[in-house]
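Mind docking chain B on chain A? Use the hints.
From first to last, the protein sequence lines are chains A and B. With the working numbering applied, the first sequence covers 8 to 145. With the working numbering applied, the second sequence covers 8 to 145.
The reader is advised that the hints may include incorrect statements.
Since the list gives no way to pick one copy over another, a pair counts as held whenever it fits inside one copy or between any two copies.
As the list claims (entries may be wrong) - Calculated lysine-lysine pairs in the BS3-like style (CA-CA distance at most 25 Å, straight line):
(1) Lys51 with Lys24
(2) Lys37 with Lys24
(3) Lys37 with Lys120
(4) Lys142 with Lys51
(5) Lys51 with Lys93
Hints in this document: simulated from the structure, not taken from any laboratory.
Number of protein chains: 2
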Amino acid sequence: MPAKDLFHNTVNNALQKDGWVITDDPLHLKYGGLHLYVDLGAEKILAAERAGQQIAVEIKSFAQLSPANEFHKALGQFIGYRFVLKQQQPERVLYLAVPHEIYQGFLNFPYVKALSEEYQVRYLIYSISQEEIVKWLT
Amino acid sequence: MPAKDLFHNTVNNALQKDGWVITDDPLHLKYGGLHLYVDLGAEKILAAERAGQQIAVEIKSFAQLSPANEFHKALGQFIGYRFVLKQQQPERVLYLAVPHEIYQGFLNFPYVKALSEEYQVRYLIYSISQEEIVKWLT
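So here's chain A without its partners, still in its complex pose (with noise of 0.2 Å):
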């Protein structure tokens, strides 16, 4: 799908202007021998601290038609991922990236909204026209 690819690198290219280095592009995880590819990993390191900051992000464009397929599939992954990663690098954190372009239209969905608010989802809001992250919503 071209417009995963577009969306990913966009992401990519916004998380390292932020300062993150891609330290896995997927993220690969294992879980009882089926594996799971998150699509980036991400570390970024600042002056005071000794360990970095980690992070991973699953890439949505929410550019269906249909907001409620695209979200129940987005909050699986997330509600999955961040399962395995709280035993296996419980350090790292999760984040689902979806474009500022659209993001306010989608978050907006009370379904959307009240569904992200009770499972505690994490947003990472980036702009598709200038490849940069706008905010972090936790």
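The following block gives chain B in isolation, referenced to the frame of chain A:
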């Protein structure tokens, strides 16, 4: 998707054989302007009860090659629909319908098993060949 229609009829028939009356096909939910459609709503009235038992059923084939992909979407749907039902129809119990022919392989993936337990996913196991309910996993 013809496969979906096939399994849809299979589960519909299996529920009726088991004494359920299909009341909603699909079960339409609304949440803040977003329309959600759970595959089936059904009701069973036992002689000893004043009110009937009510269920909502989301039908899954898990026929794709990537079990993780399909499971993520199913998990997101289950969590999302259950969230809405709890607020709007708290007496209705939600199930994911999964074919008996594949459920042992599928539900025994430690990833699927662990997440199903963590998030209390309920399954209705049905036989494709017999068009019958095999068991309820709650």
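Here's how the hints hold up against the structure:
no.	hint	result
1	Lys51 with Lys24	within (11 Å within a copy, 59 Å between copies)
2	Lys37 with Lys24	neither (30 Å within a copy, 41 Å between copies)
3	Lys37 with Lys120	between (30 Å within a copy, 15 Å between copies)
4	Lys142 with Lys51	within (16 Å within a copy, 49 Å between copies)
5	Lys51 with Lys93	within (19 Å within a copy, 41 Å between copies)
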